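Student: Spelled out from the first residue to the last, the chains are:
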Amino acid sequence: MYNRIIYYDILKSKAITLTTMIFVAASAMLVSLAAILVINLSGALDTLMKQAKTPHFMQMHSGEIDFARLTSFAQQNNNVDDFQVIEFLNMDGARIIFGDRSLANSVQDNGFSIQSEKFDYLLDLDGNIINVSDGQLYVPISYMRDNTTKVGDEAVISGKKFTVVGFLRDSQMNSSLSASKRFLISENDYAQISNLGSTEYLIEFRLKELSALGAFETAYVSAGLEANGPTVTYGLFKTMNALSDGMMIAVILLVSALVVAIAFMCIRFTLLAKIEDDYREIGVMKAIGLRVSDIKKMYLAKYAAIAAGGSIFGFALSILFKGMLLENIRLYMGESENSSFALLFGILGILLVFLAIIAYVSGVLRRFQKISVVEAIRFGTAQEKNVGAKRFWLSRNKLLHTNIFLGIKDVLTRKSLYATMLTVLVISTFIIIVPQNLYNTISSKNFIQYMGIGNYDMRVDIQQTDHISRKAVEIISTMNSDSTISKITLLTTKTFKVKTEDGSKENIKVELGDHSIFPIEYSEGRIPSAENEIALSTLNAEELNKKVGDVVTLVIKGKEKNLTISGIYSDITNGGKTAKAVFSDNSADIMGSIICVELPDKTLIDEKVLEYTDRFDFAKVSGIDEFVTQTFGSTISSVGKASNAAIAVALIIMVLVTLLFMNMLIAKDRYAIAVVKALGFTNADVRVQYVSRSLFVLIVGIVFGTLLANTLGEILAGAVISKFGTSTFKFAVNPFSAYLFSPLMMMCSVLIATMIGTASAGQIKISENIKE
Amino acid sequence: MKKIIIADDIVKTFGEGDEQCNVLDRISVEITESEFVAVMGPSGSGKSTLMFALSGMDGVNSGKVVFDGKDLSAIGDNELSDLRRTEMGFVFQQPTMLKNLNILDNIILPSMRGNSKNATKISEKARAFMKRVGIAELEERDITQVSGGQLQRAGICRALMNSPKILFGDEPTGSLNSKSAQDIMDIFSEISADGTAVMLVTHDAMVAARTERILFMRDGRIVSELKLPKFDGTHMDDRIGKITVKMLEIGI
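Protein sequence lines, in the order shown, are assigned to chains Y and S.
Residue numbers for the first sequence follow the numbering used here, so the first one is 1 and each next one is one higher.
Residue numbers for the second sequence follow the numbering used here, so the first one is 1001 and each next one is one higher.
Treat the hints as calculated values from the structure; they're not laboratory data.
Any given hint could be a false lead.
To be verified - Within a straight-line C-alpha distance of at most 30 Å, the following computed DSSO-like cross-link-like pairs (lysine-lysine) qualify:
no., chain 1, residue 1, chain 2, residue 2
1, S, K1230, Y, K398
2, Y, K398, S, K1125
3, Y, K398, S, K1003
4, Y, K765, S, K1131
5, Y, K415, S, K1099
6, S, K1099, Y, K668
7, Y, K487, Y, K499
8, S, K1070, Y, K398
9, Y, K765, S, K1003
10, Y, K398, Y, K14
A quick note: this is a predicted structure, and the numbers were derived from the prediction, not measured.
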């Protein structure tokens, strides 16, 4: 019996059934995709890190190194499973040339290594440990992605010729967020060029138990071993590798939650309309003694069929699209061992959507219990109460055209009817604006201030070289006589020891210099301005359990120095753990310096970058936009893609829902339309009345959606972003796109959908609908 | 007297093929200025369809309807709408009111199209009509808060707002009790006396007896016609008697 009911019902309302199914399919697809991506990402990441045997603890170091002391430390520490020191030959980008193109503009620290013996292997694209022969060069995968070079190309490194024979995956430095990139060459070739760059050491440990990492880190710092460079641990490698795709998954999850909500709205609307249509029949069924649960089953059966159809279709779509979204994960990390599980989780996700729909439909159908048999049989409809807008009278309206008045009045009178459409429009606006604002925020210049980078135009990095301070002074003195430069500041990063709460000591990187010239955003407090002040990054403040006003103790040359925390700021660079202070210090080695420069004439940036690159080949000069693009480029482009997809999805949702809604409204209002037509209103008048309704609802929707996007959306986006080391988050809104272009786009879509949806109003015959 | 409506040999069919039937079967009729006409006939005889055809609400399959010199089949939808709004008034059996407007707003609705600036003037005119038909105090009421008779009076006010040349009534007293029906008929008589043509579709002899000309329909044709003197409030039984005799004569 159910089959017949479903068949006839679907046949009668093909368009509505199809639309509902499309929404169910879309939500099923998104949930399934998110599940597949999460499983694949974590699987591929685990596989990559397992195959490459990523170090659990890695200390970069430039300068003198005492191998014997490190070896004895490794032997004596019970937690250490394996230990090695790898050389990393840092070379200026200008000396790395592919065809006619050099890496001079690259903001990455490009360097050369040989294949490791024990762990931290560099892998080929099939996940195998690479064996490299003389004259061969393996290039980091990111240079394949940006088409810098391809297999078979000739590469010239400091005058020595190599052939690019393949690309490599580096479990440490794959991510664009990692500042360094390793090229792989043979031992012989390495020996030949080793004096052409500066050598940095990667002191790497594998531990017996990863859980012992905390204790090991403390032991390493306490032993006072080599530490002139950043420290990176297993967890941070993992986070950096997962960041770009993780953000994409977060956006998909957000959108899928919203599409599920819209699917629910659609189901609610069609179901309520259907109940209204069948009001008398339901009354009769109740009157002849059918139980409410039996009647419910008839309706539930149809939605179970729609949900099942939509879910299967959604699953098929997710299998179709997963390749596209997995492309990045596959390229950077390779195949996941869990890919078979991934499908299973995709199915589980879809099952969840299916069950949620059934539960929801069942919930909506609860209103059967409230239907009065007598009322249903006598009137055939629920006795609607018109509420609201009592003071909004046509007789007092001089402002609005009568058709527009009638449209708005109808919306105000039948609020609950329009609530569904309003909700969908609010959600769609939210879907359009939040990813757009997020994209705009992370790609805006102001956002880099959250990221620990001041608002300057050009930066000169002096790292992995000797006599850093002398070289910095040399550059600055040149800049001082450069009239195109208006502001300069020198920031020098040094590593000190900081006392933690339990009395142990840890390394802390402190950027010294005048931070007031290019200030960054402080989530709490202010910049350090006095000698005894320090500002901490959010992650450092959390780790040291400190807040503004507290005192931290640095150990400098064995002497303790107390500094008051003046502020806390967001930072995503250097693993998010940094500090800023102004005191002068001559004790510790300089890890690196940056010179930040402001140029009043922004058109000169490219020219100046070239000029200073040519002049100071030991320094890395980059325009800030280029720096940001290269550092966060792939993250920004992932969010950009998701944002465009979200706009497309939301507009499709708007068009479909408006079409559906208008179709139903016209069917419901046939009598009222016949009346106004009998009174001499034209078809065009009727259309204007319906367009006024949808545009009025849309405008309210846009206002609420935008408000929601800028409040709840900002909090949500902030919550996602904060995982990566930022503490405060404010949307940078592009008013043109958010408040003009997007609303216009939405209006056009809704307008077109309304025109199509109300076309049938012209066919309504007065005589057929007004006869008693 | 000027002819307002001239219907010439009009045919209206419903259905297709074997099931096709002529609901209006070659009807020709003329209605003149300030004439008070009733159309009588059994259910399904085509009374309402005739009214819809004469008012341009529904097209005809052949023949033509000329309203005030304009051939309705030759003008577009928009012009037809304009004609209905400015030169015709309609009163239906069930009060065709919009649920979300109050009584006054429903009455002024047709006059307000593209005319919002004159809201005050239009409302004043509506209030005058409401006073005339005895519903002056109801202007702010919702349509669910008044009786059927009161709603029908409001419907008449709405029909009169644009000073139409003709007022069509489709069973205007069909859903009212006899007292209310009498009151409504009094109003129609007044309107007719003021110079507006009135055409009522009814199967109630009491209603038809108030008019001056009665067209009898059966199976889509006008089978007979009866003329009565202007109603002066007397001889009602006599008028009803004549109608009944005529109905018996033609067997409806």
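Student: Each hint: holds or not?
Tutor: Hints versus structure:
1. S:K1230 to Y:K398: It is violated: about 43 Å lies between the C-alpha atoms, which goes past 30 Å.
2. Y:K398 to S:K1125: holds (16 Å)
3. Y:K398 to S:K1003: Violated, because 38 Å separates the two Cα atoms, which is more than 30 Å.
4. Y:K765 to S:K1131: violated (34 Å)
5. Y:K415 to S:K1099: holds (14 Å)
6. S:K1099 to Y:K668: holds (13 Å)
7. Y:K487 to Y:K499: violated (35 Å)
8. S:K1070 to Y:K398: Violated, at roughly 33 Å.
9. Y:K765 to S:K1003: Since the Cα atoms of K765 (chain Y) and K1003 (chain S) sit roughly 28 Å apart, the hinted pair holds (cutoff 30 Å).
10. Y:K398 to Y:K14: violated (43 Å)
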